[in-house]
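Colleague: Chain residues, written in single-letter form:
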Amino acid sequence: MNQITAILEGIGSTIQLLFRAASYTPSLWRQRARFIEQCYLIGYTTLPIVAILSFFIGSVLALQAGYSMSNFGAKQFIGSLVGLSMARELGPVMAAILLAGRVGSAIAAELASMKVYQEIDALVTMNIPPAKVLVLPRLAAVLVMMPVLAIIADLVGWFGGAIVSKYTASIAIEPEAYFSVLRRFMEFKDVLNGLIKAEVFGFAIVLVCCSIGLNTRGGPREIGAAVTKAVVVSLILILVLDYFVTKALM
Amino acid sequence: MSCAPTRNPFTHTESAAVGVSIEGLSKSFGKFQVLKNISFSVQPGEIFVLMGPSGSGKSVLLKHIVGLELPTSGRVTVDGKDASSEATREQVRMALVFQSGALFNSLSVYDNLALYPREHQVGDEASIREKVMRALQILSLEGTANKAPSELSGGMKKRVAIARGLVMEPQLMLYDEPTSELDPVMSATIAEIIATLKDEYHVTSIVVSHDRELALGIADRVGILMGGELVSLGTPAELRAPKDPRVAEFLYPKIDLKNPRFKKLET
Chain A
323 MNQITAILEG IGSTIQLLFR AASYTPSLWR QRARFIEQCY LIGYTTLPIV
373 AILSFFIGSV LALQAGYSMS NFGAKQFIGS LVGLSMAREL GPVMAAILLA
423 GRVGSAIAAE LASMKVYQEI DALVTMNIPP AKVLVLPRLA AVLVMMPVLA
473 IIADLVGWFG GAIVSKYTAS IAIEPEAYFS VLRRFMEFKD VLNGLIKAEV
523 FGFAIVLVCC SIGLNTRGGP REIGAAVTKA VVVSLILILV LDYFVTKALM
Chain B
23 MSCAPTRNPF THTESAAVGV SIEGLSKSFG KFQVLKNISF SVQPGEIFVL
73 MGPSGSGKSV LLKHIVGLEL PTSGRVTVDG KDASSEATRE QVRMALVFQS
123 GALFNSLSVY DNLALYPREH QVGDEASIRE KVMRALQILS LEGTANKAPS
173 ELSGGMKKRV AIARGLVMEP QLMLYDEPTS ELDPVMSATI AEIIATLKDE
223 YHVTSIVVSH DRELALGIAD RVGILMGGEL VSLGTPAELR APKDPRVAEF
273 LYPKIDLKNP RFKKLET
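Respectively, the protein sequence lines represent chains A and B.
Under the numbering used here, the first residue of the first sequence carries the number 323, and numbering increases by one thereafter.
Under the numbering used here, the first residue of the second sequence carries the number 23, and numbering increases by one thereafter.
Hints were generated in silico from the structure; no laboratory data involved.
Keep in mind that this is a model prediction, so the values were computed, not measured.
For glycine and all other residues, C-beta sits at the position ideal for the given N, C-alpha and C.
It cannot be assumed that every hint is accurate.
Stated by the list, open to error - Pulled a few chain B residues facing chain A out of the computed Cβ check, cut under 7 Å:
hint	residue
1	VAL88
2	LEU90
3	LEU92
4	ARG111
5	GLU112
6	PHE120
7	ALA124
8	PHE126
9	TYR138
10	GLU141
Stated by the list, open to error - Label-pair restraints from in silico Cβ distances:
hint	chain 1	residue 1	chain 2	residue 2	range
11	A	PHE510	B	ASP104	54 to 62 Å
12	B	ALA38	A	ARG342	28 to 36 Å
13	A	LYS569	B	GLU152	33 to 41 Å
14	A	ARG342	B	ASP278	53 to 61 Å
15	A	ILE329	B	GLU235	45 to 53 Å
Hey, can you work out the whole structure from these sequences and the hints?
Modeller: Listed below in structure tokens is the structure:
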């Protein structure tokens with residue numbers, strides 16, 4: 323019963339935090355330095371790991387597809403399989419998982435330690451709302467940077483698939499043929515759906531991690547617990563939202 | 023070298039010290055009652071020191087005054103306005119000097135002090151700089167402006183926290199254990215700073231402390247909290263010869279090696 327109450331309280335305080343942060347949107351221009359700093363932290367520093375991971379996901383996808391599709395003479399369609407999988411599903415989901423692990427955990431740790439060491443209380447007594455200066459810039463930054471990360475994940479994943487398709491002897495498909503099939507079977511809507519998914523995942527992750535961080539009570543052990551909770555909740559949220567957003571976009 | 027008097031950059035000072043009123047305040051965390059029906063008031067411009075053993079609810083009481091905690095029952099007002107309301111924080115400038123300092127670790131000392139005026143757009147960057155440097159000068163911290171809080175000693179952190187409060191030009195300044203973990207000279211310095219801020223800037227000050235010398239040295243009135251109850255309220259002169267044996271024991275404990283307290287507790 324207590325756990326259910328705690329979950330409902332968590333959901334309630336997260337929604338409340340969202341509305342509070344949204345109410346300070348007009349102050350965003352004045353906070354542009356914080357917004358740019360968050361864009362750098364969320365986007366630029368996450369970019370290399372997203373690129374590396376996406377490259378190998380595209381590569382593995384091409385390799386597995388080549389192995390099974392060769393059996394019934396359909397290996398020329400590898401490009402469309404890799405393209406659609408990356409754009410509609412794996413690009414946004416993998417970018418979101420990395421965001422949760424890298425950025426979400428950092429946000430939860432930073433805000434939880436600010437809470438535990440009374441920096442949040444200091445902000446409140448100074449009449450500087452944490453939702454305005456700590457949450458809003460992060461939410462705005464993730465809305466801008468998440469589609470960028472998802473597009474890069476898509477492109478690098480496609481590229482990884484193309485390289486594997488060319489240099490794997492059992493597949494041996496030239497990049498021109500690979501990309502030609504990819505273009506033929508993909509529509510703009512597929513990429514757009516992926517970007518919408520990425521946007522929803524990124525926004526939810528940052529909001530939840532901010533909420534968990536700001537609601538931390540206790541000492542150093544609770545900071546660690548808050549980070550773990552933030553990452554676990556984010557990962558569950560990605561998969562749950564994935565289903566519902568996919569269904570809604572169909 | 024010019025000896026021209028320095029213009030006071032704290033423009034709001036001496037304008038409006040505020041009073042605090044606490045009426046029947048009780049606070050419980052679950053089944054544990056921390057504060058029990060506390061009532062007292064602090065006059066504008068007064069230095070009120072709240073003393074009491076560890077865990078007696080002093081810091082919780084302080085948090086009620088700045089609206090960080092909500093009463094279970096009773097009422098706390100600052101300048102006649104409900105302390106738990108966000109509007110009160112917008113209308114009354116209150117600064118709380120936390121026991122740990124609660125400095126923003128990601129900001130330099132200068133940016134810690136400049137945060138409030140920048141966020142509230144109090145003047146341009148030049149006037150903010152003037153205020154910040156003046157506050158650092160008052161607290162003898164001129165050399166620390168560009169340092170990170172992690173580079174400062176405990177005493178310096180406390181003084182930076184006081185300077186941060188001063189830059190807010192507060193009408194009400196609250197101090198949570200400002201002299202804890204400090205050596206006697208630094209404790210005396212902090213006490214002098216609190217008294218000077220009251221005299222020069224007419225700030226209402228509420229100080230939570232275990233420090234008897236500070237209480238007797240600078241307070242206008244002293245309240246003693248024990249087990250969540252206000253057991254004594256009086257002037258420092260009255261506290262020099264307390265009538266309540268619990269207060270006498272707390273303020274003037276004698277070290278009795280033949281009959282130690284912990285053995286009494288064991289039995």
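Colleague: Against each hint, give a clear statement of whether it holds in the structure.
Modeller: Hints and how they fare:
At its closest, the beta carbon of B/VAL88 sits 5 Å from a beta carbon of chain A; the interface hint therefore holds under the 7 Å criterion. Because the smallest distance between the Cβ of B/LEU90 and any Cβ of chain A comes to about 5 Å, under 7 Å, the interface hint for this residue holds. Taking 7 Å as the C-beta contact cut-off toward chain A, the hint placing B/LEU92 at the interface is violated, the least distance being around 13 Å. Annotation: B/ARG111 was flagged as interfacial toward chain A, and the flag holds, the nearest CB pair being 5 Å apart, inside 7 Å.
A least Cβ separation of about 6 Å between B/GLU112 and chain A falls short of the 7 Å threshold, and the interface hint therefore holds. Contact between B/PHE120 and chain A, as hinted, is supported at the beta carbon level, the nearest pair being about 5 Å apart and thus within 7 Å. Checking B/ALA124 against chain A by beta carbon gives a least distance of about 4 Å; that is within 7 Å, so the hint holds. A cut of 7 Å between beta carbons decides the hint on B/PHE126: the least distance to chain A is about 6 Å, and the hint holds.
Satisfaction of the interface hint for B/TYR138 is found here, the shortest Cβ-Cβ separation to chain A being roughly 5 Å, below the 7 Å cut-off. The interface hint given for B/GLU141 is met, as the beta carbon of that residue sits about 5 Å from the closest beta carbon of chain A, less than 7 Å. At about 56 Å, the beta-carbon gap between A/PHE510 and B/ASP104 stays in the expected band of 54 to 62 Å. Remark: the range hint 28 to 36 Å for B/ALA38 to A/ARG342 is upheld by a beta-carbon distance near 29 Å.
Look at A/LYS569 against B/GLU152: about 60 Å separates their beta carbons, and that is not inside 33 to 41 Å. About 55 Å separates the C-beta atoms of A/ARG342 and B/ASP278, a value consistent with the hinted range of 53 to 61 Å. Judged by the Cβ atoms, the range 45 to 53 Å given for A/ILE329 and B/GLU235 holds: they are separated by roughly 50 Å.
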